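Enquirer: The primary structure of each chain is shown beneath.
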Amino acid sequence: MLDTAFSIPLVALSDIGRVISLLVIGGGLLWILIRSLRAKEVDRRIVFLFIFIAVAAPILFPITFQERATLIVKRVFDKVESSPAGSKVLLAFDFDPAMAPEVQPMADAFSRHCLEKGHKVIFMTLWATGQALLTQSLERVVRGEYPDKLDGVDYINLGFKAGNENVLNIIVTDFRMMFPTDVNGVPLDSTSIFDDVKSCKDLDLIIAIGGGKPGVKEWVLYIGDRVNVPMAAGVAAVVAPQLYPYYPKQLLGLLGGVKGAAEYESELVKWYPHLKERGTPGLRMMGPQTLAHMVVMAFIVIGNISYFISRRRERIQ
Amino acid sequence: MPSHPTTSRPSHPAMLLILFTFFLLPCIVLAQTEVGQTNIEGTPIVPDSEQIVAAPVTSLIAADHKYDDGEMIELSWVPSIDDQLVDGKVIGYKVYRLEDDGEPQMITELAPGSNAYNDQSVERGKLYSYFVSALSSNAETPSVRTAPIEPQREWLNYELLNVLIMALVLGGAVIYFIETARRGKKLFVRKIAGLEAVDEAIGRATEMGRPILFIPGILDMDDVQTLAALTILGRIARIIADYDTKIFMPVSRSLVMTAGRETIKASYQAAGRPDAYSDDMVTYITDEQFGYVAAVDGIMVRERPATVFLLGAFFAESLILAETGNSVGAIQIAGTARPAQLPFFIAACDFTLIGEELFAASAYLSGEPKQMGSLKGQDVGKAIAMAAILIGILTVTIGDSWDVEWIQNITTGLTEIFSTK
Amino acid sequence: MKRQVPLIITFLIGMIMIFSFFIPPLEGLEQTCSLFFDVIAVFAFFLGGGNLMRIHINKLRRRKKDWGFSIVTLGGFIIMLAAGLLKIGNPGGIAASPTTEGALLQEIFTYVFLPLQSTMYALLAFFVASASYRAFRAKNREATILLIAAFVILLGRTPFGMMLTAWIPESFSVLQVPNMAIWIMNSPNLAGQRAIMIGIGLGVISMSLRLILGIERTYLGDESA
Amino acid sequence: MRRSTIIVMAAVFGLFILSWILRSTSLASVQEHYLIGGLKVTFSAFLTLAILSFLYKDNPFYKFAEHLFVGISAAFWMSMGFWTTIVGNLIPRLSRSLSEFFQVPYQPGSYNFVYFIPVILGIMLLMRLSSKYGWFARWPLAFIVGTFAGLNFVRYLRSDFVEQVSATFVPLLVGWQGVGHFVSNFSLSASGQFVAIVGNWVIFLGVICGIIYFFFSKEHKGAFGAASRVGIWILMITFGASFGYTVMGRISLLVGRITFLFRDWLNLIS
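Residue numbers (the numbering used here), protein chains in the order written: chain W, 1 to 317; chain Y, 1 to 421; chain L, 1 to 225; chain F, 1 to 270.
It is worth saying that the hints were derived from the structure and are not from the lab.
None of these values were measured; they are calculated from a predicted model.
Label-pair ranges, simulated between beta-carbon atoms:
hint : chain 1 : residue 1 : chain 2 : residue 2 : range
1    : L       : LEU86     : Y       : ASP275    : 39 to 49 Å
2    : Y       : MET208    : F       : TYR56     : 22 to 32 Å
3    : W       : GLY86     : Y       : GLU179    : 55 to 65 Å
4    : F       : TYR56     : W       : GLY118    : 49 to 59 Å
5    : Y       : GLU200    : L       : SER171    : 53 to 63 Å
6    : L       : ILE71     : Y       : GLU200    : 34 to 44 Å
7    : L       : ARG141    : F       : ILE7      : 52 to 62 Å
8    : W       : LYS40     : L       : MET163    : 31 to 41 Å
9    : F       : ILE7      : L       : PRO91     : 39 to 49 Å
10   : W       : ILE305    : Y       : ASP275    : 50 to 60 Å
11   : L       : ARG141    : W       : LEU30     : 22 to 32 Å
12   : L       : MET163    : F       : SER184    : 18 to 28 Å
13   : L       : LYS2      : F       : ILE7      : 52 to 62 Å
14   : Y       : GLY184    : L       : LYS2      : 22 to 32 Å
Straight line, CA to CA, 25 Å or less: simulated DSS-like cross-link-like pairs of lysine-lysine:
hint : chain 1 : residue 1 : chain 2 : residue 2
15   : F       : LYS221    : L       : LYS139
16   : W       : LYS198    : Y       : LYS94
17   : W       : LYS213    : W       : LYS201
18   : W       : LYS249    : W       : LYS74
19   : Y       : LYS66     : W       : LYS88
20   : Y       : LYS246    : L       : LYS65
21   : Y       : LYS246    : F       : LYS63
Note that the Cβ used here is the ideal one computed from N, Cα and C, for glycine as well.
Isolated chain W (complex conformation):
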């Protein structure tokens, strides 16, 4: 905790930092624009440098924005919120460390929301690299924040199995054939959460979090379309557009990228204000995102200006 005496210059410092970084980025872009007007292309390394600054500066000197949940996100939130306590929710962590910065905030928000509501949560992953992440995030979110929730009763970690969509093809009719035990070797039959769960048909909600293959599409193809269980998804922004055809018939809602996570978080802290202290990584990430977006857009504009100028010169010659 900082003293008030300390915090004032610090606030000022971060303000100065913000101004300076904006000046650097703005000035630099102007310089590139002028170069482009003289029909000189800039080296791609300079473009790289700009993105680095645009992302790094708001991390050092945070900028935050307000978010409001759009319908496609709100529907997922409402489903989790309106399901009766004790509903069985499957959370699939189908991502790897590389994708984690983008989808981990969603995974955390879903886990917290389900546990707050008293749902029973089944965790699993189709990615070998997802299991290590799942271990970490259970340690941090579930055991760290909800120590009174019991393994095997309120939640269970099935871990990873090799075989991609084949795993889904089996659990759609039988969990125990694929997962005789949970990740720690405890037989499913001895856990109360699996008492009346034989297959995916017995779940109340499936939330798939992913962004690659196997991912949400495979969940829809192999599970969602075969069983009558509502399904929602949180995905990396890159795959969200191609999942739109599944909404709202095959997917009840969809969180796309960090913005989706930020929207879900904003809804979550509105209903559960005490979750605010646990962190809202999605909302926090929107600062660097926005600035970097502006830089990318500036580059598109500058690129086109220089293209038109060079084309006109060619024509004149």
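Given the structure of chain W, go ahead and fit chains Y, L and F onto it with the hints provided.
Expert: For chains Y, L and F alone, coordinates are given in the frame of chain W:
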């Protein structure tokens, strides 16, 4: 299952066939399957007067789950009238089962408000009857028992009959046109922009004396895009063998390595130059996506290929590879059926095969009748889709706006054919 | 033997998979095949490891260019393999999950694998920018359409989009940039994605059919082998 | 090796050793094994920067990181596959004594012998490593191709063909209430008829024209050619939208990495 009224008049005989099989057959089957209804003889246990007694559940029905291997019996009932949120006497339900008229055994306990349960622990060849007890704080009121029922095995999942018929129609069309083409009929395939450039791209590499890099995506042999890429590789390797250019193919799956070697070897043999082939042309890197990308990026900047083919299933690496390839000045021909990556290929590569074009490419390159025929077969599928969409949209619009019943019926029928839930 | 047997296997397994979708009693068979596949997939990982060893040992032996780095690969491979297969340092012993906190595998994962993988992925941020500058140019009508759509969505995903067009009254709200972005996602994007999806779906269907029927057999190599 | 290279390498190593010492001292009060803790974070940061250095140009640090990555990842996949599938799913079905050794619950069953089939196929796959019996690998290959061809055939047919067709049945007039109403409300809300109707028309024409673009067996000219051109425009909008939507995701990955460098390594932010 809603039955389909006869008011719709499908013009095509095939459509008529589909409608017939899809709507009539299930009705027949439905009529035959047995439903265990509530047995009137069941008598509730008369409880002590001090006990808080909840009214029993009513209308308990046990029915075989449709279209499975006899693995499930579905129970449904109307909850007890004392089952209310506020001041309700019911604190839960217990489901009991009698196996072949044996002793009742509790199989599960359910929360208040429940009105259904699926018993999945049943076996074929045994008779089961059920009753459900409403629980109050200190008493249990059983319902009447259901008549014994046996879980049934069904031999065909009629809910999926429309998919089966569609499979037969599409499969039939593909096979029919393959046969037609084999009998020597010339089939037309439209130009595919990216492929016109293949010869030129290979020629360029030959002139510059620099290698050609072929990246078959990062998925295994279980993905059709990888297989399509290998088919195209077969054609490209043939040209390369003729030109005597160097080809290099780093892969991220050991099975793809196996298949890639077989493919290139076969092409070199077909070109009459088996001696020029070497196993070093295809190297396995690692299964890990970004480990692979790191290595391929390294290869690109060190080997400086003149031409890069990026054909197959790509994910996030698409842009990393395409931009690195561009930075070393390579001509790049890309193609994938992953819609998410197409924008990056379109932006960063010289030519891009969009979606299905990847599958069509091998047909276009080879000109083999079997491939051309299957393309034509696919087009039949597209025609069916377009016709269905056209009719569906028209009837939905007219039916909704002017409330014409028989047109609405066509919509319902068409929706039934094209949906599976 | 070399060619006929594989073709028969593909045909049989493919047919089982298709028919078990429609015939409930075959479901068990389909699932057993799926489980078989999972096991074979693990052997494919082993084949991959074997190939990796072979390639890099070869490189070392022949002193090819950059052979020194092959030592790094082999070293990393062997250490990680030992850590994983022997569960070195796993606090829970042999029964515990291989990724238990504190196990050597998990440590290497967190401090070596994770930074490498996520940084490699993060390179994309840079390449997106360089592609925007270099490639997103209104060269022709198609490129211009792509550019405009990209620009609207980009703008709509930032708070600036809202700020710029907040003055537009509610009855024209579709012209506000964030709403325009939503509309593009829900209408033209959906249409395009669906067309691609249907096309690819048919492509997959006919390719699968050709494989099962043995019409497509390039992946097995050619007759002569 | 050139002298300048050696100087650069030495300088980089010096800096990282310095960072290790600094990091360890700052960890000394929190961790028991602060030297190792400091080394782990510093090494992670070194690898992160080594990969980023590729953006400038190829260099030995990148080569080191690349080769290390390849080795480690291959072994990681092998280990995970072994423990989860071989030990988790195969051994419990094959052998009681092995199950006891690995402490997994044995699953007896009278048809368990069939699980030797994948083992045999798997071993055939490994024969690929031998040049003489390599052709045996075609059997498991055929098995895999067959499995997925079959699985994909029906699943794509259902979810990406059949379902998508019926999902496109959208009304071209949504609750028509006259021209006045139609042109007076351009909002995206439920009452905005204009937007809803135009949207559905776009879906209708877009899907049809898009499919026409993918028609291969008919020459694209005349009305068909015009429709196919509209199709490619729709596809271009789709790709543009995908690109725009994706940029944000890509940026967040970099945010993750830079946060690691600033927070875990340099301790600049909390």
